[in-house]
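Peer 1: For the record, the sequence lines run as chains A and B.
Residues in the first sequence are numbered consecutively from 1, following the working numbering.
Residues in the second sequence are numbered consecutively from 177, following the working numbering.
The set of hints was computed from the structure by calculation and includes no laboratory data.
Given the structure is predicted, the values throughout are model-derived calculations rather than measurements.
Hints may be right or wrong, so weigh each one.
As the list claims (entries may be wrong) - Lysine to any residue pairs mimicking SDA-like chemistry, simulated, CA-CA at most 25 Å apart:
no.: 1; chain 1: A; residue 1: K78; chain 2: B; residue 2: A552
no.: 2; chain 1: B; residue 1: K600; chain 2: B; residue 2: E403
no.: 3; chain 1: A; residue 1: K78; chain 2: B; residue 2: L198
no.: 4; chain 1: B; residue 1: K417; chain 2: A; residue 2: I79
no.: 5; chain 1: B; residue 1: K202; chain 2: A; residue 2: T85
no.: 6; chain 1: A; residue 1: K78; chain 2: A; residue 2: A127
no.: 7; chain 1: B; residue 1: K202; chain 2: A; residue 2: M144
no.: 8; chain 1: B; residue 1: K202; chain 2: A; residue 2: P31
no.: 9; chain 1: B; residue 1: K202; chain 2: A; residue 2: A127
no.: 10; chain 1: A; residue 1: K78; chain 2: B; residue 2: E467
no.: 11; chain 1: B; residue 1: K202; chain 2: A; residue 2: R53
no.: 12; chain 1: B; residue 1: K417; chain 2: A; residue 2: T74
no.: 13; chain 1: B; residue 1: K417; chain 2: A; residue 2: H28
no.: 14; chain 1: B; residue 1: K600; chain 2: B; residue 2: A203
no.: 15; chain 1: B; residue 1: K423; chain 2: A; residue 2: L156
no.: 16; chain 1: B; residue 1: K202; chain 2: A; residue 2: Y87
no.: 17; chain 1: A; residue 1: K78; chain 2: B; residue 2: A203
no.: 18; chain 1: B; residue 1: K202; chain 2: A; residue 2: R32
no.: 19; chain 1: B; residue 1: K417; chain 2: A; residue 2: N146
no.: 20; chain 1: B; residue 1: K417; chain 2: A; residue 2: W22
no.: 21; chain 1: A; residue 1: K78; chain 2: B; residue 2: G420
no.: 22; chain 1: B; residue 1: K196; chain 2: A; residue 2: A52
no.: 23; chain 1: B; residue 1: K202; chain 2: A; residue 2: Q57
no.: 24; chain 1: B; residue 1: K202; chain 2: A; residue 2: A24
no.: 25; chain 1: A; residue 1: K78; chain 2: B; residue 2: F197
no.: 26; chain 1: B; residue 1: K636; chain 2: B; residue 2: I624
no.: 27; chain 1: B; residue 1: K196; chain 2: A; residue 2: Y87
no.: 28; chain 1: A; residue 1: K78; chain 2: B; residue 2: L418
no.: 29; chain 1: B; residue 1: K202; chain 2: A; residue 2: E56
no.: 30; chain 1: B; residue 1: K509; chain 2: B; residue 2: A456
no.: 31; chain 1: B; residue 1: K417; chain 2: A; residue 2: E158
no.: 32; chain 1: B; residue 1: K423; chain 2: A; residue 2: R148
no.: 33; chain 1: B; residue 1: K500; chain 2: B; residue 2: P438
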Amino acid sequence: MTPEHAVSGRLMEFMETNELNWDAVYAHQAPRIYNYFRFRLGRESDVEELTARTFEQAWRSRARYRRDLAGFSTWLYKIAQNVGTDYLRARHVHLPLDAALEVSAEGSPYQDAERGSDFARLALLCAALPERERELVALKYGAMNNNRLIAQLTGLSESNVGTILHRVVQTLRERW
Amino acid sequence: MGNDMNDDFLHRLRSEPNPKFLTALKARLDRQAIDHGKARRTLFRTAILAALIGGSAVAVAFVAWRGVPHPFGGIAQVRDAQDKRSGGGAQKMSLAPAPGRASTPGATPDAMPAAAASEGAATPRDAGPVGPSAPGSDAPHSVFSVAGVGGIIVNAQNFVRRPVELGLMTKPQFTQTTTAQAMAMLCHVRGSAGADSATADVAGADRRMMASELAVCMRNGVSRVTELRVGYEVVVLARSKLYGAPKLSARDIFLGLAAYVPDPNQPQSLIKNPYHVWNAIDSTLSEEQIEIFGPPLSSLTAAAFRRTVMEAGCVTFPGIAAIKSRDPERFEKVCQAIRTDGVYRDLGYVVGNMVEHLDTYPNAMALLNLREMPTALVAASVDGVEPTWEAIAADSYVGSRTLYLYLNAQRAAANHALSDFVMKFERTALDPGSDLQLVPLAEDQRQIEMRNVMTLPDVKL
Chain A
1 MTPEHAVSGR LMEFMETNEL NWDAVYAHQA PRIYNYFRFR LGRESDVEEL TARTFEQAWR
61 SRARYRRDLA GFSTWLYKIA QNVGTDYLRA RHVHLPLDAA LEVSAEGSPY QDAERGSDFA
121 RLALLCAALP ERERELVALK YGAMNNNRLI AQLTGLSESN VGTILHRVVQ TLRERW
Chain B
177 MGNDMNDDFL HRLRSEPNPK FLTALKARLD RQAIDHGKAR RTLFRTAILA ALIGGSAVAV
237 AFVAWRGVPH PFGGIAQVRD AQDKRSGGGA QKMSLAPAPG RASTPGATPD AMPAAAASEG
297 AATPRDAGPV GPSAPGSDAP HSVFSVAGVG GIIVNAQNFV RRPVELGLMT KPQFTQTTTA
357 QAMAMLCHVR GSAGADSATA DVAGADRRMM ASELAVCMRN GVSRVTELRV GYEVVVLARS
417 KLYGAPKLSA RDIFLGLAAY VPDPNQPQSL IKNPYHVWNA IDSTLSEEQI EIFGPPLSSL
477 TAAAFRRTVM EAGCVTFPGI AAIKSRDPER FEKVCQAIRT DGVYRDLGYV VGNMVEHLDT
537 YPNAMALLNL REMPTALVAA SVDGVEPTWE AIAADSYVGS RTLYLYLNAQ RAAANHALSD
597 FVMKFERTAL DPGSDLQLVP LAEDQRQIEM RNVMTLPDVK L
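Extracted from the complex, chain B is given alone in its bound form (with noise of 0.2 Å):
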C-alpha cells in the first residue's frame, strides 16, 4: 500500500489519548500486576535462591577439584596458581619459558638481545609503556601492550580476563583507538600521528595495513612485521521472524538512520532527517515507520554498524562521497551520525529481551552483531545479499569487515608472553566454536593463518 492509495486523510483522523487517562490507566495496571505477582514469586523465588546456592556449592566444590578449563591451554590448575602467587610449588602453566629463554626467577624476561638493539637504534623500546618487566618479576609474565579497533580490543581483554584473575598472565596494556593511531604506535611515530608516546607490539586494524605505514614501520626500525587476519566482524538489521526479512539497500538505511540527509530538492544541501516512515525514502518500500532498536550509540555493533552500512549508503550520493578525500573528518561526522530523534531507539540495557521487543513491534528492526542474533530473528539482505556465511566470506554484504592483528614479528620473537597471547587469540578467533563476537574465516583460510601465526612471516603488501 503505497501513497498512490492517497490516504492522508485517514491518518489526519487519529487523535492522542487523554494523557491522564494514560497515566491512571498505567498505574493501575501497575498495581494490577503487583497484586497478581507478589505472592506467586516469593515462593518462587525461595526456590530459585536454594536451587542457584546449592548449585553454586556443587561448582564451586567440583573446580576446586577438577581446575578451570582457560584459553590459554587446557586445564589450569587452580591450586598451581595459588601456589605459584604464594611463591611455592611447581608451574604447571602453559605459559612455559621459550627455548633457550631465562626462566630463573629474578631473571629479566624482555632481555631483546639483537632485535632490541635494531630496533631501540629507531625508537628505544624501554621510554614507552610497554617495556621489560621489572627486576624480580616473574619470568613469564612478561608486559606487552596491544591498540585498535574495539572488536579487537574489547574481544581481546574479554579473552585475557580469565587468565589474569587467575595469575597465569599479567594483564596486557590494551589501548582502544582508530586504526590509524593504532598502526602508528606499531611503527613507534610519535607526536603528531596521534599516538604521542606510546608505542604498541600489536595493532588490531579494520583494514588492511597501506604500503606507506609499513614503510614508516621498516623507517622506525619495526623491520619485520606479521599480518594475521582474526575474523570478520558483522553487523546486521533484523526483524522477528514473524514478520519475515526485510529487504533494505544500504542507502535506505542511511537515509533511515542518518541524523543529516541530502536535500532532495537541493542534493548539495543538508537537512535534518524527515523520514520517518520507509516508503518516503524509496515508494516500493512499505509504508511502515522506520524503527529501529539497538545498543547504545557507543557499542561496538553499533561503530560497526556506522564504519560499514552507514558508509556504504552515504557514499551513494556523489556529493557527500566526493568529501571523503578532501575533508575526511566532516565525511565522517555527516556519514556516521545517527539520529537521535527517537527512531533509533537505545535499548542496550534489555538486549536479551530484543526478541520480545520485535515480536511487539512488527514494523521494528533490531541492530545486533550476527554472532547475537538470536534465531528467532531474521536478518535483513542489504543491497540483495543476505549475511550468508558465503556472502560474508566473499566480502560481498555491505555489513561486514575484516578484523587484522598487525603484530611487531621481533617483539614476538622475544617476548614469549606476547608470541603465546597472539597465538591461542588468534586460533581462539579462528575457532568456529570460540565466544568471540567474530564470524571465523573460512576453511582454507583458517589454515592458512594458522600457519602464519605459527611462522610470523613478514607482511606482504
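Looking at chain A on its own, in the form it has when it is part of the complex (with noise of 0.2 Å):
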C-alpha cells in the first residue's frame, strides 16, 4: 500500500466534508487570483489561463495540502506565484506596454474605457518599478491581500511589506 492510500478515515472525512467547502474557496479566491495576474503582468491577456492554470494545480494537489504547515491562501498564492514566475520566464515578458491598453470588460463602456486608460498607466508606472515592488502591489492591490499574509509569502516582515508598499503607493501617486 502507497502513502497515498493509507489516508486514514479521518482525513478522508477532512476530504470529502472539505470538497463543499471548495466551492466557497473558489468563489471567493478565484477573481482574487485574476485579478492578482491582473496586477502582476500589467494587462489583460493571459490572464485568464494563468488563473486556470493555478486552480487546476491547486485542485489537482489539494489531497496533499497541508494546512499544518500553511494557511490556504498562502499555500494558493505560493502557486499562483509559481505559475507567474514560470509564465514570465517563458515569456521574458516585462514591459507589457502594449497589451497594457487592453480594455476590461466589466461595467458601461465609459467606465471600461476609463479603467482600462487607467490600468494601462498603471502598468506603464509599474515597468518602472523593480520586481519585488510590483510582486507587493499585485498582492496587496490585486489579491486584496492583508500584510501579514503578503508577509509570508514574500518573506519579508509585515512591517517592511507595510513601509515598501507605502513608498510604491506615494510615488504611484506622485507619477499618476
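Each chain sits in its own coordinate frame; assemble them with the hints.
Peer 2: Pasting the structure below:
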C-alpha cells in the first residue's frame, strides 16, 4: 500500500467534507487570483489562462495540502506566484506596454474605457518598479491580501511590507 | 496601512473576471476532482464502511453486555430498563422513590399534600400542563416543566435525551421563551404576561430574578423559590491562529455587524450599515474587509451574541441607549438586528470545517460558543478583555452571561423526578468536563451551588 493509499478514515472525511467548501473557496479566491495576475502582468491577455492554471494545479494537489504547514491562502498564492514566475520566464515579458492598453470587460463602455486607460497607465508606472515591488502591489491591490499574508508569501516582515507598499503607493501617486 | 495612504486609485483598478470564464473553469475543476477522486474513494469507502460495521457490532455487543453510562446516575442497565418497560423485573434506576413517598405502582406520585394545597389557593396546578401523572403511571416517572431561554432549554433537552430514550424518565415539558416569560410561568402569572395558561416548575434565565417578579410569585402562592447559578454562556469572535487575535471593541463589532447604524453625520438617525472594511469604522483598525462566518441567526450562539456583545456596543450610542427603558421593543430591534447583506455569512452547516474556512480567509472571523472553539483558532479581545476563564468569572468579558435556574422549591419537595432532574442537571453543569455548552463556575462558586441544590434555600435578592 502506497503512502497515498494509507489515507485514514479521518482524513478521508476531511477531504470529503472539504469538497463542499471548495465551492466557497473558489468563489472567494478566483476573482482575487485573477486580479493578482492582472496587476502582476499589467495586462488582460493570458490572465484567464494563468488563473485557470493556478486553480487546476491547486485542485490536482489539494489532497496534499497541509494546513499545519500553511494557511490555505498562503498555499494558493504560492502556487499562483510559481505559475506567474514560470510564465514570465518563458515569455521574457517584462514591459507589457502594448497589452496594457487592453480594456476591461466590466461596467459601462465609458467606465471600462476609463478603467482600461488607468490600468494601462498603472502598467506603465509599475513597469519601472523593481520586481519585488510589483509583486507586492499585485498581492495587495490585485489579490486584496493583508500585509500579514503578503509577509508570509514574500518572506518580508509585516512592517517591512507596510513600509515598502507605503513608499510605492506614494511614488505611484506622484507619477499618476 | 490606513486611509492616509490614499490608495483608492489602485483599488479602483480591480476588475471582475468574466462570469463565463469563471463558470467554465469551475466546471473543469469539478470534473477534474471527480476523475481523481473516484477510484481512490471507492476503495477507501468500502474499507471504512467495513470498519464501521465491524466496530458498531462490537460496540453494540459491549453495551448490551455491560450497560450504558448515563447522566442519571452511574450505569443504567439496559436490560433493567427493558424489563421495566415490559412491566417485569426489579427496578435498578437511580430515580429511586423519595423517602416517605408512595412507590407502589398505581399510586399518584405527584400528590402534593401541604405544598400543593397552598399553591392551589392561588392557581390550581392541575389546570396546567404539568399536573400530576395519570393514575396508574409508573411512580418515579413524574412529569414537570421547564421554561426558559435557549441556553438552558437546549442544554437541558440534550441532558435528558438519553434517559428518556432508555425509558428511565418521562420527558419533561420544555418551553423555550424569554426570561421574563419564564419568570411569569414560574410565578403562575396568567394572560397578559405572555405565559397564557402555562406554568413552569423551573425557569431558566439569563439574568437574576427581579424583586418585583419574586413578589408576584409570593402573591400567587409560589412561596418558595430557589436560585441556582448554572454556568456562563460565552460567545467569541475567533480567527485562525495563523493571523493572530483581533482586538475590537463592542462598539466596533456592533458597527460591523448591525443591520442599521447611527448616521455619522446625524447620530439621531439610523442608516443601512455602510461599513465594509474595519478601518472605515475606526481608522486605527486594519484595512481588512469585514467578514464574519457564523451559525444561523436563529441559533443559540447568535442569540447570545446579539444579547451580549451587540447590545453592549449598541448602548455606546447615547441616542439608542436612551430608548432602552422607553421603548424596549424598538431598542431590541435596533440593537439586535444583524445585517443580511453578506458581511455575516451563515455557515451553520459546515461548522465542523470552520477552521479550514478561517485558514482560507485571513481577514475573516467566526462567531462561536467558547466551548466549541477549536484550538486552531484564537478569540478576539473585546474592549481590551480576552475571554479568559478569569475574565468570565469576574464578569468583565462582554460576550459572557450567567445562566440561572429558578426552581419552585415546593414542587421539588413533592416531585422527586423534578428534584432529581435539577440536582443532576446542576451537578453536570458545574462539572468542568461536562458536554454542556456552558463555561462552569469557579471552584468556590461550584461548591456553593452544589450546597444550594441539596438544600434548596429560598432566593435572596
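Peer 1: For the pair supplied as a hint, B/K636 and B/I624, is the alpha-carbon distance within the 25 Å limit?
Peer 2: Measuring from Cα to Cα gives roughly 14 Å; hence the hint holds.
Peer 1: Holds or violated: B/K600 with B/A203, Cα cutoff 25 Å?
Peer 2: violated (54 Å)
Peer 1: Would you check the hint for A/K78 and B/A203, treating anything up to 25 Å between C-alpha atoms as holding?
Peer 2: Holds, at roughly 23 Å.
Peer 1: Quickly compare the C-alpha distance for B/K202 and A/A24 to 25 Å and report which way the hint goes.
Peer 2: Measuring from Cα to Cα gives roughly 11 Å; hence the hint holds.
Peer 1: Straight-line Cα separation of A/K78 and B/A552 no greater than 25 Å?
Peer 2: holds (22 Å)
Peer 1: Need the status of pair B/K196, A/Y87: alpha-carbon distance at most 25 Å?
Peer 2: holds (24 Å)
Peer 1: CA of B/K202 to CA of A/E56, is that 25 Å or under?
Peer 2: Satisfied, since the Cα-Cα distance of roughly 10 Å is no more than 25 Å.
Peer 1: For the pair we were handed, B/K600 and B/E403, check the Cα-Cα distance against 25 Å.
Peer 2: holds (15 Å)
Peer 1: Please work out if B/K202 and A/R53 have their alpha carbons no farther apart than 25 Å.
Peer 2: Holds: B/K202 and A/R53 sit about 12 Å apart, inside 25 Å.
Peer 1: If you draw a straight line from the CA of B/K423 to the CA of A/R148, is it 25 Å or shorter?
Peer 2: Roughly 15 Å between the alpha carbons, so the hint for B/K423 and A/R148 holds.
Peer 1: With a cut-off of 25 Å on the C-alpha distance, tell me whether B/K202 and A/Q57 pass.
Peer 2: holds (13 Å)
Peer 1: Below or equal to 25 Å on CA atoms is what counts here, so check B/K202 against A/Y87.
Peer 2: Holds - the C-alpha atoms of A/Y87 and B/K202 are around 22 Å apart, at most 25 Å.
In summary, the numbered hints that this structure violates are 9 and 14.
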